[in-house]
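Colleague: With chain F held as given, fit chain H onto it using these hints.
Letter by letter, the chains look like this.
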Amino acid sequence: MTNSLFLTFFVCIILLTLTYLIGRNIKIIPGKLQSFAEMAMEMLLGLMESTLGSREKAEKYFPLVATIFIFIMTSNLLGIFPGVGSLMAEHGHTEVPLFRSPAADLNFTLAFAVISVLVTNILGMAAIGTFNQLGKYFNFSSPINFFIGILELVSELAKIISLSFRLFGNVFAGEVLLTIISFLAPYFIPLPFLFLELFVGMIQAFIFAMITLVSISLHTTAHGEHEHAEAH
Amino acid sequence: MDAESIKALAVAGTIVLGAIFPAVSIGWIGSSALKAIGRNPEAASKVQTMAILAIAFAEAIAIYALVIALIIKFVA
Numbered sequence: 000m001t002n003s004l005f006l007t008f009f010v011c012i013i014l015l016t017l018t019y020l021i022g023r024n025i026k027i028i029p030g031k032l033q034s035f036a037e038m039a040m041e042m043l044l045g046l047m048e049s050t051l052g053s054r055e056k057a058e059k060y061f062p063l064v065a066t067i068f069i070f071i072m073t074s075n076l077l078g079i080f081p082g083v084g085s086l087m088a089e090h091g092h093t094e095v096p097l098f099r100s101p102a103a104d105l106n107f108t109l110a111f112a113v114i115s116v117l118v119t120n121i122l123g124m125a126a127i128g129t130f131n132q133l134g135k136y137f138n139f140s141s142p143i144n145f146f147i148g149i150l151e152l153v154s155e156l157a158k159i160i161s162l163s164f165r166l167f168g169n170v171f172a173g174e175v176l177l178t179i180i181s182f183l184a185p186y187f188i189p190l191p192f193l194f195l196e197l198f199v200g201m202i203q204a205f206i207f208a209m210i211t212l213v214s215i216s217l218h219t220t221a222h223g224e225h226e227h228a229e230a231h
Numbered sequence: 000m001d002a003e004s005i006k007a008l009a010v011a012g013t014i015v016l017g018a019i020f021p022a023v024s025i026g027w028i029g030s031s032a033l034k035a036i037g038r039n040p041e042a043a044s045k046v047q048t049m050a051i052l053a054i055a056f057a058e059a060i061a062i063y064a065l066v067i068a069l070i071i072k073f074v075a
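Residue numbers (numbering that gives the first Met the number 0), protein chains in the order written: chain F, 0 to 231; chain H, 0 to 75.
Among the hints, erroneous ones may be present.
Partial chain F-side listing against chain H, Cβ under 10 Å, derived [unchecked claim]:
| # | residue |
| --- | --- |
| 1 | F35 |
| 2 | A36 |
| 3 | L46 |
| 4 | S49 |
| 5 | S53 |
| 6 | R165 |
| 7 | N169 |
| 8 | F171 |
| 9 | I202 |
| 10 | Q203 |
| 11 | F205 |
| 12 | I210 |
Don't read these hints as lab results, they were simulated from the structure.
Glycine included, each C-beta is placed from N, C-alpha and C at the ideal position.
In isolation and in its complexed conformation, chain F is listed as follows (with noise of 0.2 Å):
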């Protein structure tokens, strides 16, 4: 029970309250928070269609790709409020942070690039069929396709670790630079640098969930040559 977990849950309790806020009475005509949601999901799904190309397959892959984006923005937002790092508790000996924010522990990000990794294979499974999917990483046709499925497979390997890292390695260095700015000048320095973290928070869940929706792409459009990512 680390103090990121704790972090966790408390997104995971306004996210669920959110949810269960806006999904309460939708109206035809929409109040204020249904419309602010129908909003940003409009335009999650453009950006989504511009990509993948079709309306159905955006709406078909929009849960994960959403649940990504909103998850990990929620915990980096919620990562700089008040308190957060701040307040101390016990720990044994030492004195440790009871909030700290959820993506500066590599077990989050990690998790969460896993995820990604996995579901994308498998949603590439389902749209092409599961032989052809692991025939791109175990194509005995010949010696040279060999060699290319076995750099595709640590191409997928490479992606777990450089999308875990990427959002750790911000989140984390963002951390130790508000703690260090903080420490040596509490009053209005730290302006910039919050302002910093904030534009960094949410530029790391779009790119995260940017790259999830770009390699959904990539293992769904149909088999036919070696397609390169021409989705732009």
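Modeller: Same frame as chain F, but now just chain H:
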């Protein structure tokens, strides 16, 4: 040259070298994105999405260097 000072030099060298190249490449990506938007303002949002994605990839390399420097400094 004892082990402590070599470790300190290693930490500094890692982050210095690991930050120069991503900085140059992010500047390059930004400049070509600006040129592309200047030539074709209609494609601005597509270029912007691609540019943000490419900048995040380049920045991730700097983050890897930072993580290695932190590991060297605080975990042996």
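Colleague: Hint by hint, say whether it matches the structure.
Modeller: For each hint, the structure was consulted:
1. Checking F35 of chain F against chain H: minimum C-beta separation of about 22 Å lies over 10 Å; hint violated.
2. For A36 of chain F, the interface hint is violated, the least distance from its beta-carbon to any beta-carbon of chain H being 22 Å, above 10 Å.
3. For L46 of chain F, the shortest C-beta to C-beta distance to chain H is roughly 7 Å, which falls under 10 Å, so the interface hint holds.
4. Annotation: S49 of chain F was flagged as interfacial toward chain H, and the flag holds, the nearest CB pair being 7 Å apart, inside 10 Å.
5. Contact between S53 of chain F and chain H, as hinted, is not supported at the beta carbon level, the nearest pair being about 17 Å apart and thus beyond 10 Å.
6. Look at R165 of chain F: its Cβ gets to within about 4 Å of chain H, closer than 10 Å, so that hint holds up.
7. A least Cβ separation of about 6 Å between N169 of chain F and chain H falls short of the 10 Å threshold, and the interface hint therefore holds.
8. Hint on F171 of chain F holds. Least Cβ distance to chain H is approximately 8 Å, under the 10 Å limit.
9. Satisfaction of the interface hint for I202 of chain F is found here, the shortest Cβ-Cβ separation to chain H being roughly 7 Å, below the 10 Å cut-off.
10. For Q203 of chain F, the interface hint holds, since its Cβ comes within 10 Å of a Cβ in chain H; the closest pair sits about 8 Å apart.
11. Hint on F205 of chain F holds. Least Cβ distance to chain H is approximately 7 Å, under the 10 Å limit.
12. A distance limit of 10 Å between C-beta atoms decides the matter here; for I210 of chain F the minimum to chain H is near 7 Å, and the interface restraint holds.
Going through the hint list in order, the structure does not satisfy hints 1, 2 and 5.
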